[in-house]
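2 protein chains.
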Amino acid sequence: MILLCGALASAALLDAPRAQQTGSQTTSNVADSLGLMPIPARMQFRDGRLAVTPRFSLAIAGHRDPLLERGVARFVAHLSLLTGMQIASTAESSTKATLLVEANASGNATPQLGEDESYTLDVDPSGARLAAPNSLGILHGLQTFLQLVEVTPDGFSLPAVHIEDRPRFPWRGLMIDVSRHFIPVEDIKRNLDGMEAVKLNVFHWHLSDDQGFRIESKTYPKLHELGSDGLYYTQEDVHDVIEYARERGIRVVPEFDIPGHSTSWFVGYPELSSTSGTHAIERRWGVFDPAMDPTREETYKFLEKFLAEMTRLFPDAYFHIGGDEVNGKQWESSPTIQAFMKAHGLMTSLELQQYFNARVEKIVEKNHKIMIGWDEILAPGLPENTVIQSWRGQDSLAAAARLGYRGILSNGYYLDLMWPAAQHYSVDPLGAGAANLSPDQAARILGGEACLWTEYVTHENVDSRIWPRTAAIAERLWSPQWVQDVPSMYERLAREDWRLQIFGLEHRSKLTLRLETLAGPGGVDSLRVLADAVEPVKGYSREHAAAAAGIEPTSADPLNRLVDIVPPESETARKFGEEVDALIAGGFADTAGESRVRAQMELWKANDTHLEPVLAASFLLKELSPLSADLAELGKTGLEALDAIDRGEQPQPEQRQQWTAQIAEAEKPQADLLLMVAPPIQKLVNASGSAHPRNEAARKQ
Amino acid sequence: MILLCGALASAALLDAPRAQQTGSQTTSNVADSLGLMPIPARMQFRDGRLAVTPRFSLAIAGHRDPLLERGVARFVAHLSLLTGMQIASTAESSTKATLLVEANASGNATPQLGEDESYTLDVDPSGARLAAPNSLGILHGLQTFLQLVEVTPDGFSLPAVHIEDRPRFPWRGLMIDVSRHFIPVEDIKRNLDGMEAVKLNVFHWHLSDDQGFRIESKTYPKLHELGSDGLYYTQEDVHDVIEYARERGIRVVPEFDIPGHSTSWFVGYPELSSTSGTHAIERRWGVFDPAMDPTREETYKFLEKFLAEMTRLFPDAYFHIGGDEVNGKQWESSPTIQAFMKAHGLMTSLELQQYFNARVEKIVEKNHKIMIGWDEILAPGLPENTVIQSWRGQDSLAAAARLGYRGILSNGYYLDLMWPAAQHYSVDPLGAGAANLSPDQAARILGGEACLWTEYVTHENVDSRIWPRTAAIAERLWSPQWVQDVPSMYERLAREDWRLQIFGLEHRSKLTLRLETLAGPGGVDSLRVLADAVEPVKGYSREHAAAAAGIEPTSADPLNRLVDIVPPESETARKFGEEVDALIAGGFADTAGESRVRAQMELWKANDTHLEPVLAASFLLKELSPLSADLAELGKTGLEALDAIDRGEQPQPEQRQQWTAQIAEAEKPQADLLLMVAPPIQKLVNASGSAHPRNEAARKQ
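Each protein sequence line maps, in turn, to chains V and W.
Under this note's numbering, the residues of the first sequence are numbered 1 to 701, in order.
Under this note's numbering, the residues of the second sequence are numbered 1 to 701, in order.
The hints are all genuine.
Simulated DEER-style distance windows between Cβ atoms: (1) V:P221 - W:N104: 36 to 44 Å; (2) W:E186 - V:A629: 44 to 52 Å; (3) V:D240 - W:T278: 41 to 49 Å; (4) V:E297 - W:G155: 50 to 58 Å; (5) V:D240 - W:P184: 16 to 24 Å.
Calculated directly from the structure, the hints in this document are not laboratory data.
Ideal Cβ placement from N, Cα and C applies to all residues, glycine included.
With the sequences and hints as input, model every part of the structure.
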């Protein structure tokens with residue numbers, strides 16, 4: 001009765017080719033308004049809606065296990081949060097339930113790579129049915145159900161729909177570096193909640209690096225005791241996080257980065273390093289010389305015991321050994337290491353590292369784990385089941401796939417580069433250099449991982465560096481490849497953004513508080529106007545600017561400047577840019593649109609007067625003074641250009657050159673921030689110089 | 001060296017009479033800008049400032065105990081949150097420390113009524129010293145230190161100051177009713193954090209009422225099993241809350257409301273009630289008939305065992321037995337109870353209740369506790385150490401004090417009445433009917449308690465019903481009586497509001513999320529304009545409106561309307577009112593002020609057009625449509641009145657009458673909300689009718 005399979009036999013489902021060719025517009029619009037993210041593999045909307053009231057009930061039919069039951073309890077709590085109604089759903093008889101949940105079997109006790117994650121969700125006005133081969137699919141389907149709930153003039157409800165969903169890629173991860181700055185357990189858990197919401201299924205835990213060894217080792221306690229400043233996870237914490245992830249269908253893959261990126265190990269165990277003498281925890285950022293000594297048997301004995309402990313701690317079948325960015329300097333300057341290399345016919349540091357990797361791989365294998373490492377580990381002789389994580393890109397990934405290795409993409413998904421969501425969204429694990437793989441080779445591309453390196457990230461801003469952008473990456477990794485529409489993505493991302501906050505993510509609430517910290521309660525409005533118009537500089541510009549200024553940033557630096565607080569992507573700037581584009585494309589005929597653009601520029605123009613005293617009152621804000629002045633100038637310039645357009649006058653070329661020079665000046669980074677509203681203002685200036693568009697539009701009417 | 005006592009011997013300290021007579025203006029302005037809340041008993045500012053940098057250090061001299069050490073650890077974490085700097089303070093030598101903390105002795109393991117809570121804080125440019133007789137005083141002083149930290153053009157710092165502080169009243173409480181709606185442990189804890197920040201020291205836990213019995217009883221498990229819908233605190237939870245409170249210097253006083261307000265007890269134990277038959281958990285609000293049977297010995301046997309269990313669970317010396325609002329109907333209609341009354345010479349239900357109270361008091365006393373109850377328990381024969389909590393007011397409290405009983409005030413501090421902070425602030429436990437007590441009698445007034453009854457409160461909005469207003473009540477109970485300046489209170493409350501959010505309170509972040517739930521991401525801006533201009537109806541108007549509409553509100557009603565979300569007090573309306581007052585008082589000469597008032601009214605006037613489609617799209621928002629239209633009209637009227645004033649024209653009386661009628665219409669409650677911006681608009685209309693004030697002002701110049 002609830003299941004609509006009969007009807008579906010004759011109905012067309014929305015899937016890749018069909019969506020692009022027939023009726024995709026309508027369906028796509030419905031989907032946009034719903035904010036499904038990631039977009040399901042196949043869906044078909046039907047007539048009518050299913051109401052969600054305080055009397056909502058859920059019944060579990062078929063298989064039942066703790067994973068499913070706790071997932072259902074979370075779902076009911078989340079449904080209460082979304083609707084503001086206390087829904088005290090108790091399991092009712094299957095025929096009466098608003099939502100019937102039916103898993104055919106249990107999933108694995110701990111989620112595993114390649115498990116069936118599919119589900120089918122049918123919603124009709126009399127009820128909904130969520131079916132899946134196992135409880136993992138049910139967890140995903142429950143998130144989809146939550147995303148379908150909308151407020152309407154008649155109450156909360158979902159549209160009638162048939163969804164058949166499964167992920168495009170089996171490995172959809174988020175890596176968090178907890179070494180450069182420690183991220184406490186509660187913050188990790190909150191982000192696991194976010195991952196569940198967007199169907200990510202791998203938490204990659206970058207646990208050690210030069211700047212910190214962040215996990216308790218009972219075998220070698222000086223690792224965490226001396227290598228962490230006291231900021232580490234106990235093994236109880238680790239069990240807690242693994243269990244929390246497991247309940248949300250998320251695997252936990254630990255990474256211990258060796259033989260480079262390992263200074264923090266040497267504080268307690270200097271004998272592991274390739275030099276004599278003592279080591280201190282690294283406080284700076286970058287690639288450093290210290291590396292393990294791959295020529296001493298004691299190194300492998302240490303790793304034998306250490307990996308035996310750690311592989312027991314983490315249940316996942318995969319174990320990440322890092323292996324990136326060894327600069328080889330210590331090896332090159334060590335006579336004993338050079339002698340070893342000569343004796344073993346190892347010509348380069350890379351070959352020595354490959355020797356090391358091969359030895360480590362044996363240890364990993366002995367502990368019944370499959371090794372994963374960054375691009376650099378790829379070398380002849382590497383066992384075929386090794387997984388390559390690529391920070392280099394699809395070319396590197398494709399090369400590995402052609403050699404038979406499986407891989408995951410992270411190039412293009414580095415969250416710390418402060419890219420806009422659309423830029424990450426455009427990166428496809430099977431795009432660029434991986435586009436022409438054979439089907440067998442392409443099947444070796446398991447997916448990808450968003451990566452957050454934490455030079456400029458603490459528990460204070462970690463959420464804002466991850467969310468909402470990671471939801472766009474999650475969609476890339478789950479949804480069919482044809483799901484590419486950027487405006488639709490942003491439309492749906494805004495809804496997911498809100499849901500993530502409802503579920504407890506703090507990326508927005510922290511921003512407001514931090515602006516108040518900087519400006520005081522009285523100054524926050526004008527500071528927000530500026531904050532909304534800027535973004536942090538992109539890529540590694542912050543490092544370059546510091547180097548140019550002769551400053552060496554360290555882990556001791558407070559991260560309490562505006563650049564540390566504002567989101568990586570300015571929604572205000574993006575929307576303003578869209579409005580300006582639409583205005584120009586429409587020949588300035590949209591008077592409502594023009595008045596919105598004008599009001600925005602008036603706000604910027606007037607803001608500096610209010611903001612200057614606020615900036616002057618705080619040592620943390622002083623650096624923003626030129627930015628605020630530039631924003632006012634941009635507003636003024638934009639208004640003048642628009643006035644000229646409105647009057648049907650073409651400004652003198654000198655005038656436009658002057659405006660352009662001023663805009664170019666405003667586009668330069670200041671205080672590690674970019675005024676993202678400058679490019680659309682330049683477009684207005686350009687438009688003022690071409691034939692008077694409004695007049696032309698008027699003439700056409 | 002750090003201690004400034006030498007200098008102080010000859011310097012005047014800021015205390016009551018001096019502050020009001022000499023130099024209070026300057027000092028008071030300094031204090032306002034700092035946001036100290038509550039204002040300390042005595043303080044004196046000095047020259048210079050103490051910098052707070054990431055190298056901030058703290059040393060403990062003198063006595064050291066876990067309470068102190070954990071308080072210090074929380075302080076360092078909070079200082080990090082306030083400054084956005086990771087402060088990893090380790091105890092250093094006393095001479096080098098930025099802050100030296102010195103307690104003479106340990107406090108009690110569990111805080112007790114009347115303990116010395118005083119402290120002395122000296123800040124000078126080279127360091128600070130916090131001294132107290134015990135760790136309780138240190139906890140209070142650390143909060144003061146946090147409140148002194150400011151951002152300046154040169155960094156974070158505190159002003160040099162000498163503070164001698166102690167509370168005016170020893171009992172400064174917050175009562176939360178967890179029966180009408182259950183409030184989970186994590187929400188209770190968050191509010192204990194808030195209490196610590198403003199130096200409140202009693203958490204009064206209203207654990208049972210008609211609508212729910214919220215604590216696990218091992219002696220009588222059907223109490224929580226059948227009386228709570230599964231929503232109750234385990235005894236482990238209770239230990240956890242008591243410990244959490246203890247660490248923050250907060251006593252926990254449990255209340256079990258008997259013999260009335262006890263329907264939830266009778267679900268599991270119907271034999272306790274005064275009628276035969278079964279009972280169900282009460283779902284409605286109000287005063288109900290069910291009451292314990294005070295005539296059966298079994299009732300007292302039950303209470304003997306139950307109170308033995310509960311008095312063991314709660315370490316505080318005081319135990320609250322409620323005792324309010326027994327309507328006596330069941331007693332009057334029971335022949336056996338009437339016979340008992342006759343036999344014992346009890347003439348009225350009140351006398352029967354007094355008999356019951358006396359019996360219960362013996363049980364409480366036997367368990368080494370002191371009884372506290374609401375006004376109704378006051379009767380001849382009540383032991384002299386009983387404490388009366390007054391919901392009736394200062395007259396009732398004073399009457400008790402004259403009879404020798406101690407008391408605390410709650411009338412005037414009911415948070416659920418949705419009063420503005422200033423209204424609570426004006427209520428003094430020693431004001432009104434208690435103003436003329438003799439010193440001995442006045443000393444019996446122990447303080448007061450803010451009370452939150454939770455008919456319309458869940459864990460979703462609990463923070464916004466308590467904060468920030470409770471900080472104003474906390475100041476009333478801590479600070480000297482002469483601290484009365486309302487504008488200063490609001491100035492400092494804004495800063496405390498922000499600090500409370502930094503420390504984790506959710507009263508503002510939840511508002512934003514809930515507005516998005518109601519309006520969707522696209523509609524939130526225009527909904528916020530309306531939300532900012534309204535307040536929930538006051539007192540019991542919501543009940544009266546429901547009754548007039550023939551609706552009976554119950555605990556099953558979702559609390560997801562705008563009235564459930566907006567703060568009790570509109571900051572926008574208050575500030576707008578202040579601006580209008582200043583404008584009128586200044587004869588409309590302040591053009592900047594006028595343009596702010598004008599911009600605000602333009603916003604309101606224009607908002608309805610944007611908001612209407614948003615309201616139409618949601619069943620939860622439809623009811624706001626008339627309010628939104630009225631707000632637009634108010635904006636329009638205010639602008640027209642101001643235009644007339646600017647033109648120097650006096651509008652026709654008919655015009656002003658029409659405006660006034662329209663404003664009166666807009667002042668009527670709609671959707672249980674009040675448009676708080678209406679009265680200032682009426683003032684503008686009135687001003688437009690008097691002699692042209694701007695012209696007069698201009699003439700005077």
